[in-house]
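Trainee: Below are the chains, spelled out letter by letter.
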Amino acid sequence: MELDKIAKKNLKMGRANQEVFAETIENLAAADPSIIAVTSDSRGSGKLVPFGQKYPNQIVEVGIAEQNLVGVAAGLASAGKKPFAVSPACFLTARALEQIKNDVAYSDNPVKLVGISAGVSYGALGTTHHSLHDFAVLRAINNITIVVPADNFETEQAVRLAANLKQPIYLRFGKKSVPFLSEENQTFEFGKGRVIREGADLTIIANGETVQHAWQAAEVLEQQHGITTKVISMHTIKPLDTELLDDLAKAAKPIITVEEHMVNGGLGEACASYLFQQGARNPFHIMGVPDEYTVTGSQNDIFKHYGISCDGIVAKATLVLKN
Amino acid sequence: MSDKELEKKSVFLRKNILKYIYKAKAGHTGGSLSCVDILNVLYNKVLNVDTENFRIPDRDRYIQSKGHCVEALFVTLADRGFFPESDLETLCQYQSHYIGHPTKKVNGVEQNTGALGHGLPICVGEAIAAKLDKKQHRVFTLLGDGELPEGSNWEAFLSASHYKLDNLYAILDNNKQQITGSNQEVMNTDSLRDKLEAFGWSVKEVDGHNLNALVSALNNGPFQTGKPNFIIAHTVKGKGVSYMEGVLKWHHGVPSTEQYELALSELDAAEALIS
Ligand SMILES: Cc1ncc(C[n+]2csc(CCOP(=O)(O)OP(=O)(O)O)c2C)c(N)n1
Ligand SMILES: [Mg+2]
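Chains as they are written, first to last, in my numbering: chain A, 1 to 323; chain B, 1001 to 1275.
Don't take each hint at face value.
[Unchecked claim] Output of the computed footprint for chain A on chain B, the stretches with three or more beta carbons under 8 Å from beta carbons of chain A:
| # | segment |
| --- | --- |
| 1 | 1083–1095 |
| 2 | 1110–1124 |
| 3 | 1135–1143 |
| 4 | 1155–1162 |
| 5 | 1211–1222 |
Please keep in mind that the hints were generated in silico from the structure rather than gathered at the bench.
Where a beta carbon is used, it is the ideal one built from N, C-alpha and C, also for glycine.
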């Protein structure tokens, strides 16, 4: 079943979010010399080569040394600069975790941590290059906003807001081109989920590169099964949009969460924890990468394998609604 | 194996690196070509390892810290008989164990690597264990020069000399380049020899494409009793393919069909010169 083909034609294709990130800080840097990109031999993957050429005094290269990257960024922030520390999400949030916890979050230095090629973007490069732990570890650290934009619109908004944010923030971007998800809903605010599709029978909460699959699944569910699905891009995992979750609790319809993260400690568990402590009765299902040795292959192979795909979500939704 | 055979093997391994990167449409070409002579020498002249019984405790250890150059490792292991070369047809495919970095699911691979700056500390642990158990085997790692700024390397440099690990050999693939540019531009590690000696290591420098020089450096340790051994292997990124040598984009560039054929013809010509 090539369900995604049915749905895809309705979405306008954009670029990779990490490309839009780079373009946005390039634009911001022109007017604001305090914006500094900090890189760890990562400017190529971060699409920051033109930035470095245009603003040689606004880029600090530390070499392959991610702990140093985050420490240096903390110092720059403390001295009044607006540093974007850019490195693959896997290294940034594992190797430099103590610097994030102590030098950024605990010491309240407003570094903008930018995890690129996140999740399983690096596909067949394997587990060393995957970040399926970053939501979980960062959620367990106080004083850091966690944002995972789904499309180019959300990315640009998030980067612009992050530039002037006075608190630490983690922005997570994927490597692949993503479609624009909603022409109608052009509002973006940290901590406020973006409803990209309305529906009454079921809600899918997703973030980042998985939202497009949720949208496609909703399209197929409507066309083929007459099921209407609300789709939420929950771009901010922390702080979570509890108002939106309260509304879902009231409606008591089934909820499926989808994320490019291990099922432990991510978006799904964040929503579940809030909802169930409020006494919510919604049937609730978390989709993501299970707690096992991750299957090998491209990002697409891995998504398909674990059902993080149009087909996979449709299958899950129909099962959930049958029970 | 004769000198000529060893030289021919280097050419053969280079061709296989290109073959499987070309097939998989992914891989770290430049750094695989710069370190493959080192791997050839290690696996065919230096390491005491058994393809049938890889995990026997007395084996020499080789941990590839610059894991991204897995193609050089895989073609060398296949040639040495650790697994059929045809397995590499599945490189980077769905559900294959042959992924873009070393994994222990592949026979002959000692440790899972790929995040830089991990190989040396693990080797320090292996070398301490060998000393504790009064074993004679040696422990080898291969580092990238761009990898050196990772702080974990310098922590391990200290531990290795502190514990007098003269059974430990760190080989640097000193191709002078990383992704963004030269090591000097990105993060300067000049006077490396002085730095390492100050950290208590015994250092030798060799031409990393001179097989005899590598054999004699790697088989004649320890250089000084009670000191860990460091071999700075001067290499060329992309070695063996004229249009790749020293050209940054070949760090992880994949050749087109024409480029692949041109590379093979250059390697054929190099092979013909080995009489
Ligand atoms: C901890 C970590 N940071 C970043 C990377 C991404 N990366 C892979 S290869 C590479 C450049 C390595 O340069 P070098 O060590 O000189 O390798 P070589 O030139 O031999 O290919 C980088 C930055 C990584 N694999 N691990
Ligand atoms: Mg190098």
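Trainee: If a hint holds in the structure, say so; if it does not, say that too.
Mentor: Going through the hints against the structure:
For the segment 1083–1095 of chain B, the stated coverage by chain A is satisfied: 4 residues place a CB nearer than 8 Å to a CB of that chain, which reaches the threshold of 3. With 6 residues carrying a beta carbon less than 8 Å from a beta carbon of chain A, the segment 1110–1124 of chain B meets the three-residue requirement, and the given coverage holds. Counting residues of the segment 1135–1143 of chain B whose beta carbon lies closer than 8 Å to any beta carbon of chain A gives 0, which falls below the threshold of three, so the coverage claim is violated. For the segment 1155–1162 of chain B, the proposed coverage by chain A is not satisfied: 0 residues have a C-beta within less than 8 Å of a C-beta in that chain, short of the threshold of three.
Coverage of the segment 1211–1222 of chain B by chain A is violated [criterion: at least 3 residues with CB-CB distance below 8 Å; count 0].
The structure fails to meet hints 3, 4 and 5 from the earlier list, while all remaining hints are met.
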